[in-house]
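Build out the structure end to end from the sequences listed, making use of the hints.
Protein chains: 2
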Amino acid sequence: MEYSNLITKLLEGNTRAAARLITIVENDIDAAETIIKSIYKSTGNAYILGITGAPGSGKSTFISTLTNTFIEQGRKVGIICVDPTSPITGGALLGDRIRMKQYFTLDRVFIRSMANRGQLGGLARATEDVIKILDAYGCEIIIVETVGVGQSEVDIFKSAETVIVLLVPGLGDDIQAIKAGIMEITDIFVVNKMDFPGADRKVAEISQMLELNSSFKYQSNQLREEYFKLVAWPPEIVKVNSKTGENFKELIEIIKKHIQFLEDTGVISNYLKNRIKSETLQILKHKLQKKVEDLINSNQEKIEQYINKVIEKSLDPYSMADIIIKMLGIEK
Amino acid sequence: MEYSNLITKLLEGNTRAAARLITIVENDIDAAETIIKSIYKSTGNAYILGITGAPGSGKSTFISTLTNTFIEQGRKVGIICVDPTSPITGGALLGDRIRMKQYFTLDRVFIRSMANRGQLGGLARATEDVIKILDAYGCEIIIVETVGVGQSEVDIFKSAETVIVLLVPGLGDDIQAIKAGIMEITDIFVVNKMDFPGADRKVAEISQMLELNSSFKYQSNQLREEYFKLVAWPPEIVKVNSKTGENFKELIEIIKKHIQFLEDTGVISNYLKNRIKSETLQILKHKLQKKVEDLINSNQEKIEQYINKVIEKSLDPYSMADIIIKMLGIEK
Numbered sequence: 001m002e003y004s005n006l007i008t009k010l011l012e013g014n015t016r017a018a019a020r021l022i023t024i025v026e027n028d029i030d031a032a033e034t035i036i037k038s039i040y041k042s043t044g045n046a047y048i049l050g051i052t053g054a055p056g057s058g059k060s061t062f063i064s065t066l067t068n069t070f071i072e073q074g075r076k077v078g079i080i081c082v083d084p085t086s087p088i089t090g091g092a093l094l095g096d097r098i099r100m101k102q103y104f105t106l107d108r109v110f111i112r113s114m115a116n117r118g119q120l121g122g123l124a125r126a127t128e129d130v131i132k133i134l135d136a137y138g139c140e141i142i143i144v145e146t147v148g149v150g151q152s153e154v155d156i157f158k159s160a161e162t163v164i165v166l167l168v169p170g171l172g173d174d175i176q177a178i179k180a181g182i183m184e185i186t187d188i189f190v191v192n193k194m195d196f197p198g199a200d201r202k203v204a205e206i207s208q209m210l211e212l213n214s215s216f217k218y219q220s221n222q223l224r225e226e227y228f229k230l231v232a233w234p235p236e237i238v239k240v241n242s243k244t245g246e247n248f249k250e251l252i253e254i255i256k257k258h259i260q261f262l263e264d265t266g267v268i269s270n271y272l273k274n275r276i277k278s279e280t281l282q283i284l285k286h287k288l289q290k291k292v293e294d295l296i297n298s299n300q301e302k303i304e305q306y307i308n309k310v311i312e313k314s315l316d317p318y319s320m321a322d323i324i325i326k327m328l329g330i331e332k
Numbered sequence: 001m002e003y004s005n006l007i008t009k010l011l012e013g014n015t016r017a018a019a020r021l022i023t024i025v026e027n028d029i030d031a032a033e034t035i036i037k038s039i040y041k042s043t044g045n046a047y048i049l050g051i052t053g054a055p056g057s058g059k060s061t062f063i064s065t066l067t068n069t070f071i072e073q074g075r076k077v078g079i080i081c082v083d084p085t086s087p088i089t090g091g092a093l094l095g096d097r098i099r100m101k102q103y104f105t106l107d108r109v110f111i112r113s114m115a116n117r118g119q120l121g122g123l124a125r126a127t128e129d130v131i132k133i134l135d136a137y138g139c140e141i142i143i144v145e146t147v148g149v150g151q152s153e154v155d156i157f158k159s160a161e162t163v164i165v166l167l168v169p170g171l172g173d174d175i176q177a178i179k180a181g182i183m184e185i186t187d188i189f190v191v192n193k194m195d196f197p198g199a200d201r202k203v204a205e206i207s208q209m210l211e212l213n214s215s216f217k218y219q220s221n222q223l224r225e226e227y228f229k230l231v232a233w234p235p236e237i238v239k240v241n242s243k244t245g246e247n248f249k250e251l252i253e254i255i256k257k258h259i260q261f262l263e264d265t266g267v268i269s270n271y272l273k274n275r276i277k278s279e280t281l282q283i284l285k286h287k288l289q290k291k292v293e294d295l296i297n298s299n300q301e302k303i304e305q306y307i308n309k310v311i312e313k314s315l316d317p318y319s320m321a322d323i324i325i326k327m328l329g330i331e332k
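As they're listed, the protein sequences go chains U and H.
When the count follows the numbering used here, it moves up by one through the first sequence with no breaks and lands on 332 for the last residue.
When the count follows the numbering used here, it moves up by one through the second sequence with no breaks and lands on 332 for the last residue.
There could be a bad hint or two in this list.
Since copy identity is lost for identical chains, a pair holds within one copy or between any two.
With a cut-off of at most 20 Å between alpha-carbon atoms, the simulated SDA-like pairs for lysine to any residue come out as follows [stated by the list, open to error]:
id : residue 1 : residue 2
1  : K277      : I24
2  : K290      : I325
3  : K256      : L6
4  : K37       : K273
5  : K313      : E246
6  : K249      : G13
7  : K9        : K291
8  : K273      : S64
9  : K9        : G74
If you are wondering where the hints come from, they were derived from the structure by calculation, not from laboratory data.
Structure (C-alpha cells):
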C-alpha cells in the first residue's frame, strides 16, 4: 500500500512521518481515507482538550505553560491550532505559531497549524483525521486550539473530552465575544493573567453568566437527547498566571476531576458514540459533496442549461436541486 | 395551496404576510420550497448590499443612516441581520436590534433578525429565501448585515452585489479581526466615525493592506474561474460619520459606481449565474443532509450496531460513511 512505509514509521513514533501524513490527509480526502482506515486500530488512546479564547486572552502563553506542565508530568503532547476564520489565505495565526516555535525542537511536543483553505466544511473532518494521526503517533494529550468565533468551534470541539475557554480581566467584551455556542460546551473557564486588576471581578462575571444561563452542555438543545438524564457538570472557574505558572497544578487537578466525572457518569462512552456519529456525518457530508461536485463537473453543459432556465425563471433553485438529486441516482 | 393567501398578500406588499412567510421559510425547508417555488417569478428586482464590520464599528448607526438616505431617495429597504455565530440561543445581537427598532414603525423599511438556530449550514439557505421574500414583497434594496467572522459571511454574502466592510479609527485590531476571507470579497471599505482621531491613518492602513494583498475578489482562488478575465474593481475607501450623515451621499455615489461597474463589465450576469449555482448547492446540501438524517432516524438500530463496531475498531468511520451512502441508494 502506498503509505504503508510512512504508517509503519508513524506507529514507531517517527515525527517526520507524522508531519508528512498530516499534510497528506489535509489535502487529499481519498488518501485520508486510506490512511485513517489503516491506522484506526492504533487510535483511541489520546485525551483531547479543546481550548479557545478571545484574541488578546493570551492563548499562546497559556498553551505553552500548560504543555510544559504536562511534559513535566512525563506526557507526550500534540497541539493542533485550527483557524476556521481564514478560508482563503490561511496563516492568520502565524504570530501565535512563531511564539510557540520553541516547541518544534522538543521531543515530547508535536505542534501543527491548520487553516480552512477553502475546504468548505471539511476543516472539522480534517481536524478529526489529524487528531487520529497524532493519537497513533503516541500523543497522550492532544490540545486542539481555535479562535473563539462560534459554530466552527462547536464542530471542531466535537472530539474534545474537555473544553477550556480562556478569558482575561478587564476585556469587558470577551464574554460576549465568545458567544453562546461555545459557552454551552465549556467545561472549564480559565481567567488568565490573574495578576491583572479585575481578575476576581471576571470570575464573578462568569459565575453570574453561568447562573443566568440555565442551559448547559448536558442539557443544551443540541445534545439534549444524549444527556438529559445525566447530572450536569457545573463548569469550573479557575484563575491562572501563564507567565509564572501559578495555579496550573490546580487547573490540571480540575481537568483530572472532569475526566473522572466523565468516566464515573458514563458520559465518556456517550461521548465516544457521539463523536463517531458526528465524525461519520462529517465524512459523509464531504463524500456527498464530492459526488455532487463530480456530477456537476461532468455535466457542465446540462447544468449551465438549468442555470439559464433559472435565470429565465422557467425553473427555480429548489426544482433544480431536485433534478440534481435525481441525477445522483437518489429518487426524489 | 396552503400558503397561496399569504403569498397573494405578500405580492401586494402586505408587511404581516412578509413577516409570517419569513418565519415559515426559516423553520421549515419543505414549506420554504413550496413558497419560493411560487414566488420565484416575482423576484430578481432587489439590489443586495452585504454589510459587515468588527464589533464596535458602529454597524447599527451606520445602517440606520444609510437606510435613511435610501428612504429619502424614495427607496423601499429591507434589512436582514444575520448572526452566524450564535448556533444555540441566538439573540446575541439583540442590543443592535433594539437600537434599530425605530424602523419597525416606518412604512418603507422592513427589518428582520436571523440567528443560526442549530440549522447547521442552513443559515445561508434560509437567508437566500428571506431575501427572495423581501424581494417579492417589493424591497428595492436589501441590506444583509452580519458580524464579521469569516467563512459564514463569505457564504451569506454570496448573493450580495456589493459588499461593504465597516472599520473605525483607533481599533487597531479590527483589520486583523475581519480576516482574510471577507477582505477578498469587499468592494467598499467604509471608515466610520471619521470625526475620531486616526481616521486618515485608518484609511492609509487599509490602502496599505490592499497594496500588500495582491489577490482580490475577481482574482481570488475561490472565484478565479469566473472572473480571471475581468478587470478588477479596486476596492474603494470612504470615510463617513454615521451620527451626522456626513459623506453618505458620496458613499451612495460609490455604490452606484460599483453597480455601474458590475453592469458594464458583465460581471453582474456572472454574479447571477454564480448565485444560482451556489444557492442550488446550498439547497442540495440541505436536502441531502435531510435525506441522511431521515435514513439514520429510520435505521437507528442498524446505525447503533455500526457505531459499536467502530468503537470495537472492527469498522472505521470512513467505511461506515460508505455503508450509509450505499443505504442512500448511491453506489460507492
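Do the hints match the structure? See the list:
1. Taking the shortest Cα distances, K277 and I24 never come within 20 Å of each other, neither inside one copy (24 Å) nor across copies (30 Å).
2. With identical chains, the CA atoms of K290 and I325 are at most 20 Å apart both within one copy (13 Å) and between copies (12 Å).
3. Proximity of K256 to L6 under the C-alpha cut-off of 20 Å is found in neither arrangement, the shortest distances being 34 Å within a copy and 57 Å between copies.
4. With identical chains, the CA atoms of K37 and K273 are at most 20 Å apart within one copy only, with a shortest distance of 18 Å there and 39 Å across copies.
5. When the C-alpha separation of K313 and E246 is checked against a cutoff of 20 Å, the pair qualifies neither within a copy, at 66 Å, nor between copies, at 41 Å.
6. Taking the closest pair of Cα atoms, K249 and G13 never come within 20 Å of each other, the shortest separation being 28 Å inside a single copy and 64 Å across copies.
7. In the homo-oligomer, the alpha carbons of K9 and K291 never lie at most 20 Å apart, since the shortest distance is 33 Å inside one protomer and 41 Å across protomers.
8. For a Cα distance limit of 20 Å, the shortest separation of K273 from S64 qualifies neither inside one copy, at 31 Å, nor across copies, at 48 Å.
9. Taking identical chains as interchangeable, the C-alpha atoms of K9 and G74 are never at most 20 Å apart, the minima being 22 Å within one chain and 70 Å between chains.
In summary, the numbered hints that this structure violates are 1, 3, 5, 6, 7, 8 and 9.
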